[in-house]
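Student: Top to bottom, those sequences are chains A and B.
For the first sequence, the working numbering begins at 4 and goes up steadily by one.
For the second sequence, the working numbering begins at 81 and goes up steadily by one.
Among the clues, some could well be false.
To be verified - With a Cα cut of at most 20 Å, we get these calculated EDC-like pairs of lysine to aspartate or glutamate: (1) B:Lys184 x A:Asp124; (2) A:Lys220 x B:Asp272; (3) A:Lys244 x B:Asp272.
As the list claims (entries may be wrong) - According to the in silico footprint, chain A covers these stretches of chain B (three or more CB under 8 Å from chain A): (4) 128-141; (5) 191-199; (6) 271-281; (7) 331-345; (8) 437-451; (9) 465-471.
In case anyone wonders, no lab produced these hints; they're calculated from the structure.
All residues carry an ideal CB built from backbone N, CA and C; glycine is no exception.
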Amino acid sequence: MLRSLTTSTTTLAAGAVAVGLTLGAAQAQAPVTLTVVSWGGAYTQSQVRAYHEPFMEMNPNVTIVNDDGSANALAGLRAQHQAGNVSWDLVDMLPSEAQLACDEGILMRIDLDEMLEPAPDGTPASEDFIEGSTGECYVSTIIYSTVVAFNTEMFPEDKQPKTIKDFFDVENFPGKRAIQDRPAVNLEWALYADGVAIEDIYDTLETEEGIERAFAKLDTIKDHLIFWTEGAQPPQLLADKEVAFATSYNGRLFEASEVEGQPFKIIWDGQLVEWDGWVVPEGTKNKEVALELLRFSTDTQRLADQAKFISYGPARTSSAALVGQHADLGIDMGPHMPTHPDNFQTPIVLNNDFWSDYVDELRERFGSWMLQ
Amino acid sequence: MAQAEMVGMPGALVSADGTSLKASLRRADRRRRVTAFLLVLPLLAFIVITFVMPIGDMLWRSVKNDAITDNLPHTVDAIASWNGEGLPPEEVYAAMVQDMREGKADRSIGSVGIRLNYEMSGARSLINSSVRKAENLEPPYKESLGAAHRNWRDPEIWRIIQRESRPLTASYYVSGLDLRYAEDGSIVRQPDHQRIYIDLYMRTLLLSVVITGLTLLLGFPIAFLLATLPMRYSNLLMILVLLPFWTSLLVRTTAWIVLLQQQGVINDVLIAAGVLADENRLQMIHNWVGTLIAMTHILLPFMVLPLYSVMKGIPPSYMRAARSLGATPWTAFWKVYVPQTLPGVGAGGVLVFIISVGYYITPALVGGQSGQMVSNIIAYHMQRSLNWGLGAALGSMLLAGVLILYWAYSKFFGTENVKLG
Chain A
4 MLRSLTTSTT TLAAGAVAVG LTLGAAQAQA PVTLTVVSWG GAYTQSQVRA YHEPFMEMNP
64 NVTIVNDDGS ANALAGLRAQ HQAGNVSWDL VDMLPSEAQL ACDEGILMRI DLDEMLEPAP
124 DGTPASEDFI EGSTGECYVS TIIYSTVVAF NTEMFPEDKQ PKTIKDFFDV ENFPGKRAIQ
184 DRPAVNLEWA LYADGVAIED IYDTLETEEG IERAFAKLDT IKDHLIFWTE GAQPPQLLAD
244 KEVAFATSYN GRLFEASEVE GQPFKIIWDG QLVEWDGWVV PEGTKNKEVA LELLRFSTDT
304 QRLADQAKFI SYGPARTSSA ALVGQHADLG IDMGPHMPTH PDNFQTPIVL NNDFWSDYVD
364 ELRERFGSWM LQ
Chain B
81 MAQAEMVGMP GALVSADGTS LKASLRRADR RRRVTAFLLV LPLLAFIVIT FVMPIGDMLW
141 RSVKNDAITD NLPHTVDAIA SWNGEGLPPE EVYAAMVQDM REGKADRSIG SVGIRLNYEM
201 SGARSLINSS VRKAENLEPP YKESLGAAHR NWRDPEIWRI IQRESRPLTA SYYVSGLDLR
261 YAEDGSIVRQ PDHQRIYIDL YMRTLLLSVV ITGLTLLLGF PIAFLLATLP MRYSNLLMIL
321 VLLPFWTSLL VRTTAWIVLL QQQGVINDVL IAAGVLADEN RLQMIHNWVG TLIAMTHILL
381 PFMVLPLYSV MKGIPPSYMR AARSLGATPW TAFWKVYVPQ TLPGVGAGGV LVFIISVGYY
441 ITPALVGGQS GQMVSNIIAY HMQRSLNWGL GAALGSMLLA GVLILYWAYS KFFGTENVKL
501 G
């Protein structure tokens, strides 16, 4: 009893001191709690270690709270906007969704050169960010890709698949293939494997003949396909040798092959490049601090730092040279980046404008094709 | 004295405080009823807030259509009198340009593009690219808007705008039933390669019926054993039934993946036993077989428990009486025992069927493509495509389907045959 009383007195005293300290700091700068929304898991961790922790060290009055709401970011932003109570300050989301939200007027416009840091050599941000990685209301932090990977133990050593064409070649490279149950990515690869030049893929997909051609190519491997829905499935299917090939995100494959030691190899040929990054909701109460964090976390060094913790490439050209080693494993991260010159030879950049226009129609068609 | 007289009169009894007995009885009754009502009030409020309101909201969303009326007010007014032939007159084009300019200023135009894109692929970029040019367009707008984007010369987009310029729409239900609007406004079936939802509904119903049948087949003997074995054995058996029930759904589903997959335990055992050749491994997961097996297992307790509670209440003396009157064991079982279990069969069947019609996570994980159910596509529209109208229409149709089936069930078998405990 006595002990608990003393403890609580100490706690009270400590509390009073803390309050006094905070008050002292408050005179200089009011404390701010910033809600940052992201994808959770290893990805949020990489942001915490590369952006949030150094930012909070520099600004002791700021506390950053993480919210793992990015999977439903658009729905959340809409709901908060309609309710007139915006509680998110900085949101990590996909450009396709960010574009929709921007068109709906629920995101702040971002002036790249005014609101972001230039590169160390003075190149303005609008030129330093890789082409296509920024939008009206949107600035990418990472580039990630959807790739085909295979289990090296399922093919003879002298006959390992190397290209997307091999993925569609069931004669020479037998085995089941796992692909995602959505049209995006799969239709692009079908056309690419069928000999369409990368720059013509989306123009071809806008025509009826092009769509038929893509489905006809997919028909050739249909009997060997398994469809996955959740991102955790493909590495598991590959590890269990349920499939020989699987399409997946390069970050998950890095986790499985480098961290867990699975015998997976990525086919970088035809990698489908997508972006991911920040938006600032219109009407946030902490606009100043949110924009400060936006500026800080998108500078050249911070983007390069993030690559120490996860195998996603920085969205700035100037960051590429600064990418070092994995913080825990100590392996060189460069060769695992989608943007590494060896890997970035035949990238297909996912065209979000195309998919926002055609996703409804093609999703139904793809669904119907899967059912038949 | 007067009181004594009154007591003697029939129908005018009074209580101690002088009011008539009837009135005070009524008052006490009312008080009891109010207390009872207040006690269930939290539950009632809970049901209204978490159940009735969301369902009402879903039904409302499936027909709500305010994107066009709210954000293209001038166009909606101007296009009302258009007869739908050829291209609309200049006023409609002018109204559209005015709406775009106003919509760009307050950034409300984006939702128009999203809404129209559900009806016509490419409408989103049509609106967005034209809005960027709207400021500099000169009259006659019919020419300049047509030059800004060629699709403004296509009557289809105007027909869609006219059709969707009403505050309520049926178009989500039209898409949900694999139909579409033809050029003349009539409703026709989607082309073959675009049909998807009806097949999914049929498959969902079929899988649910088969799962209900399988749980009954497996659950009946278990429940019978539970109800008839001596207590110490039946308790152990009960734990075996309940243990999976208490285990996380995801754990159970993942356990099935380990067992059923081609490199999994069952295939390995069959090959070790020489039943299968290594190259003929069975495909038991990532197709409808996986959904069937995993869901039957997961829903089994929902069949066993109602059956058990009904069987427990059937006195064993009935069977003995039947036997002593000369019935064979089978006749006694079939004619005397089984009819008495029907309330349990009904309850378990309805429970399992309704739960499986709306099942979501297990088919997503083990169903592959042929094992997906309609709830998976509803989840897709709610979470990914964000076409909440279509998701709501699909959900409403599922709800209506379940209600119709339940109505048919209660009409032909009667709900008094359902005993949930």
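Student: Count residues of the region 191-199 of chain B with a Cβ under 8 Å from any Cβ of chain A, then say if the count reaches three.
Tutor: That given contact holds, which follows from 5 residues of the region 191-199 of chain B lying within Cβ reach (below 8 Å) of chain A.
Student: How does the coverage statement for the region 331-345 of chain B fare against chain A, requiring three or more residues with Cβ below 8 Å from a Cβ of that chain?
Tutor: Result for this restraint: holds, n = 5.
Student: How about the region 271-281 of chain B: do at least three of its residues have a C-beta closer than 8 Å to a C-beta of chain A?
Tutor: Coverage by chain A holds for the region 271-281 of chain B (7 residues, Cβ < 8 Å).
Student: Under a C-beta cut-off of less than 8 Å, do 3 or more residues of the region 437-451 of chain B approach chain A closely enough to confirm the stated coverage?
Tutor: It holds, with 5 qualifying residues against the three required.
Student: Checking C-beta pairs, does the region 128-141 of chain B have three or more residues closer than 8 Å to chain A?
Tutor: violated (count 0)
Student: For lysine 244 (chain A) and aspartate 272 (chain B), compute the direct alpha-carbon distance and say whether it is at most 20 Å.
Tutor: violated, 35 Å
Student: Keeping to a limit of 20 Å between CA atoms, is the pair of lysine 184 (chain B) and aspartate 124 (chain A) held or broken?
Tutor: Outside the cut-off at roughly 37 Å; violated.
Student: When you check the alpha-carbon spacing of lysine 220 (chain A) and aspartate 272 (chain B), does it fall within 20 Å?
Tutor: Roughly 19 Å between the alpha carbons, so the hint for lysine 220 (chain A) and aspartate 272 (chain B) holds.
Student: Cut-off 8 Å, C-beta pairs, minimum 3 residues; does the coverage of the region 465-471 of chain B by chain A stand?
Tutor: holds (count 3)
Of the hints listed earlier, those the structure fails to meet are numbers 1, 3, 4, in rising order.
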